[in-house]
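There are 2 protein chains.
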Amino acid sequence: MIAFSKRLISVPPSPIRKLVPFAQIAKKQGVKIYHLNIGDPDIKTPQVFIDVLNHWKKNPISYGQSQGEPAFLEALKTYYQHLGYLFVQAKNIQVTSGGSEAISIILFAVCNPQDEVIVFEPYYANYNSYAIINNVKLCAIITHSQNGFHLPSTSEIEKYITKKTRAILICNPNNPTGTVYTKKEINQLVKIAQKHGLFLIADEVYRDFVYDNQKHISLLDYIKQLPKQIIVIDSLSKRYSLCGARLGMIVSLNQKIMDGVLRIAQGRLSAGLIDQTMACQINNIPNNFLSDVKKEYEERRNLLYQGLKQIPNVTLEKPEGAFYCIVNLPVNNAENFCRWLLTDFRLNNQTIMLAPAAGFYQNPILGKKQVRIAYVLNKNDLKQSLQILAKAVTKY
Amino acid sequence: MIAFSKRLISVPPSPIRKLVPFAQIAKKQGVKIYHLNIGDPDIKTPQVFIDVLNHWKKNPISYGQSQGEPAFLEALKTYYQHLGYLFVQAKNIQVTSGGSEAISIILFAVCNPQDEVIVFEPYYANYNSYAIINNVKLCAIITHSQNGFHLPSTSEIEKYITKKTRAILICNPNNPTGTVYTKKEINQLVKIAQKHGLFLIADEVYRDFVYDNQKHISLLDYIKQLPKQIIVIDSLSKRYSLCGARLGMIVSLNQKIMDGVLRIAQGRLSAGLIDQTMACQINNIPNNFLSDVKKEYEERRNLLYQGLKQIPNVTLEKPEGAFYCIVNLPVNNAENFCRWLLTDFRLNNQTIMLAPAAGFYQNPILGKKQVRIAYVLNKNDLKQSLQILAKAVTKY
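Those protein sequence lines, which keep their order, are chains A and B.
With the first letter of the first sequence counted as 1, position 241 gets the number 241 in UniProt numbering; the numbers rise by one all the way through.
With the first letter of the second sequence counted as 1, position 202 gets the number 202 in UniProt numbering; the numbers rise by one all the way through.
If you're looking for bench data, these hints aren't it; they were derived computationally from the structure.
Hints are supplied without guarantee of correctness; some may be wrong.
If several chains are the same, the list does not tell them apart, and a pair holds so long as it fits within one copy or across any two.
[Said to hold, decoys possible] Listed next, the in silico SDA-like pairs over lysine to any residue satisfying Cα-Cα at most 20 Å (straight line):
| no. | residue 1 | residue 2 |
| --- | --- | --- |
| 1 | Lys137 | Ala3 |
| 2 | Lys32 | Pro70 |
| 3 | Lys318 | Glu298 |
| 4 | Lys395 | Leu347 |
| 5 | Lys18 | Arg239 |
| 6 | Lys224 | Asn313 |
| 7 | Lys195 | Ile2 |
| 8 | Lys137 | Arg7 |
| 9 | Lys18 | Ala90 |
| 10 | Lys195 | Gly307 |
| 11 | Lys383 | Ser62 |
| 12 | Lys383 | Pro113 |
| 13 | Lys191 | Leu316 |
| 14 | Lys215 | Glu74 |
| 15 | Lys195 | Asp115 |
| 16 | Lys318 | Phe345 |
| 17 | Lys28 | Asp344 |
| 18 | Lys164 | Ile2 |
| 19 | Lys391 | Gln350 |
| 20 | Lys77 | Asn349 |
| 21 | Lys18 | Ser62 |
| 22 | Lys224 | Lys309 |
| 23 | Lys6 | Gln114 |
| 24 | Lys256 | Gly30 |
| 25 | Lys44 | His55 |
| 26 | Lys137 | Pro113 |
| 27 | Lys163 | Asn302 |
| 28 | Lys32 | Asn349 |
| 29 | Lys44 | Thr277 |
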């Protein structure tokens, strides 16, 4: 009897991508789809990166170093030092194939089989895949739409800490909620990690996108306080619209962790050489690039938030960062609604694609009436999308 | 007590890359090192690939599809159909970040925790990493230098099949031995897989490099006979000197496996967009490219083999394919010897870097006096390397 592994069945499809087949059918029918389902920015990649490709000469295209190309590691060191983290040296950085590989490797590194990692739901759905692949148990603590998905109290969090708990993993600014944790909240987590001897891992790939003049509180600000426990996951994908270049990184002062991480990295040889060579330009980007991008996303956030508030029975708290929000819809089953948008609903031969939020919860019931919206479209397209959503909600 | 996971300790350093720090020190001292340690070809990447970079316009550099970019999947389908495998459709292919990711995903897909996969030692060292990460046990059956590392008898192989055995994994042509399995051997494995209901997985990334007019026997030739059991791992790295472009693939007619593999692939979003776009050119390479490359490697193989045979007390069987061989050295500990080559030995301020073979065995004692040599240097450099090795063996 030939059977694949039982654990393969338990790997969930991505809630962001599982409806892609329905979108493809609609596209073949000539329907225009506004993609609000995936955080794939429409903002242009800075030209300095493209220039590297256009002037590419290196031949053959050989392996890179397993830790990361030396020139890219140096560029990253400079990047972190410019942010004020002067203690970051090349040895504290591991380059990965996207932030995805970074999280997967770190879960393996800090957990023995069946160890537990605390996350706050709703959380980035792909954490489930990395957890299953690495035989790690995610313990989800619920957060609520009504208070903008901010953290529960210390005593509530401590209820979830067991002998098997190894780490707390946050995404800040948060995907899928758009929440930006306050200094008080980060302090709270640092204290819990310190008290209970846990790793504290922050996925900070949206670090630059924090609105309303709020300040992002990075775990890098605390790393000297808990040098063995704090691990930062980073990626260039969202910051520079480089999702298709698979470049993430792990930053930690825990040299034993970094040594182990490097051994894992050696097993897969190297991240992409072309992507890394291109990314050596991160410190040569026009000064106003990131502030302009942030301004653009903030305007979109405002437009989307105002527009959604005007749709009857649609509710959400104002998202504070990243480019996502979780929206409560007046439907019984948001996944069915999202599928119906692709298969049945058209407004002037256009429709929208949303990510059903159930996949962002450990308990899918909690997200059954919610969707995640990514505001990675220009303002005109966002306005169109809002109109489509308003009509669709009424009609459904 | 903050501790990383116990399993992190068990991930071995790459025998191919672990001596890199010693090489870096030597290079800083101005020593020229001939790299025979790593299968990173010096053959030029075909210009059609570079042209794609030089004419790159797509901006932003957005995510690719999780299964693989549609245009690249089509190009791969055409590639396999040109090889005569007309049954290969896009749905039978999953694009991965290098052959490494392909093997890692497949081990997860076919094995439950602690299930067993039969390999023949010496085997590609990084299989150990993928096995540990995926909680799979590799059961190594020894093969011997004296008969060119060809397979043992069916009854010998069957001794290793237990209730936990899920698959047999071969690399053909073989890294690290250079062995090319005969039709008889592949038939033998197919029969064993059929009889015992096992997956049969072939890592065929060196498919094109088979010498002495021998023919490579691909598992694709048997896939219709065992459509649910045969899985082929492939990669563009060696074929087109594209190691730095991380592009591998899984080919299987088992749609349930491919569905599960895609869910895993969705978790890590996509392989590199630039690498995939470049690789769409695989069917536009000059006709003589691969035959010329093969001729070049065959000449190097001849030169290396003849040269090694002339060094007293150095023994090997003539390698038949790929661009590796396992060489028996007259030393007690090949790893110490390899390190000494980097730290102490110089011939006209030059030395060589080799991969100690112990890491290619489950029982490292078996490879203690062996090294793996990759003949990825031009013939002049190979001649120099042989001189250095001859002197070093005498002096050590």
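Verification of the hints:
{"no.": "1", "hint": "Lys137 <-> Ala3", "result": "between (24 Å within a copy, 18 Å between copies)"}
{"no.": "2", "hint": "Lys32 <-> Pro70", "result": "between (44 Å within a copy, 19 Å between copies)"}
{"no.": "3", "hint": "Lys318 <-> Glu298", "result": "within (11 Å within a copy, 66 Å between copies)"}
{"no.": "4", "hint": "Lys395 <-> Leu347", "result": "within (11 Å within a copy, 81 Å between copies)"}
{"no.": "5", "hint": "Lys18 <-> Arg239", "result": "neither (25 Å within a copy, 33 Å between copies)"}
{"no.": "6", "hint": "Lys224 <-> Asn313", "result": "neither (47 Å within a copy, 55 Å between copies)"}
{"no.": "7", "hint": "Lys195 <-> Ile2", "result": "between (48 Å within a copy, 11 Å between copies)"}
{"no.": "8", "hint": "Lys137 <-> Arg7", "result": "both (13 Å within a copy, 16 Å between copies)"}
{"no.": "9", "hint": "Lys18 <-> Ala90", "result": "between (38 Å within a copy, 18 Å between copies)"}
{"no.": "10", "hint": "Lys195 <-> Gly307", "result": "neither (44 Å within a copy, 63 Å between copies)"}
{"no.": "11", "hint": "Lys383 <-> Ser62", "result": "neither (46 Å within a copy, 22 Å between copies)"}
{"no.": "12", "hint": "Lys383 <-> Pro113", "result": "neither (47 Å within a copy, 49 Å between copies)"}
{"no.": "13", "hint": "Lys191 <-> Leu316", "result": "neither (30 Å within a copy, 60 Å between copies)"}
{"no.": "14", "hint": "Lys215 <-> Glu74", "result": "neither (26 Å within a copy, 46 Å between copies)"}
{"no.": "15", "hint": "Lys195 <-> Asp115", "result": "within (18 Å within a copy, 38 Å between copies)"}
{"no.": "16", "hint": "Lys318 <-> Phe345", "result": "neither (27 Å within a copy, 66 Å between copies)"}
{"no.": "17", "hint": "Lys28 <-> Asp344", "result": "within (14 Å within a copy, 66 Å between copies)"}
{"no.": "18", "hint": "Lys164 <-> Ile2", "result": "between (34 Å within a copy, 13 Å between copies)"}
{"no.": "19", "hint": "Lys391 <-> Gln350", "result": "within (12 Å within a copy, 74 Å between copies)"}
{"no.": "20", "hint": "Lys77 <-> Asn349", "result": "neither (49 Å within a copy, 33 Å between copies)"}
{"no.": "21", "hint": "Lys18 <-> Ser62", "result": "between (35 Å within a copy, 18 Å between copies)"}
{"no.": "22", "hint": "Lys224 <-> Lys309", "result": "neither (42 Å within a copy, 57 Å between copies)"}
{"no.": "23", "hint": "Lys6 <-> Gln114", "result": "both (16 Å within a copy, 12 Å between copies)"}
{"no.": "24", "hint": "Lys256 <-> Gly30", "result": "neither (54 Å within a copy, 31 Å between copies)"}
{"no.": "25", "hint": "Lys44 <-> His55", "result": "both (19 Å within a copy, 17 Å between copies)"}
{"no.": "26", "hint": "Lys137 <-> Pro113", "result": "both (8 Å within a copy, 15 Å between copies)"}
{"no.": "27", "hint": "Lys163 <-> Asn302", "result": "neither (44 Å within a copy, 60 Å between copies)"}
{"no.": "28", "hint": "Lys32 <-> Asn349", "result": "within (7 Å within a copy, 65 Å between copies)"}
{"no.": "29", "hint": "Lys44 <-> Thr277", "result": "both (19 Å within a copy, 18 Å between copies)"}
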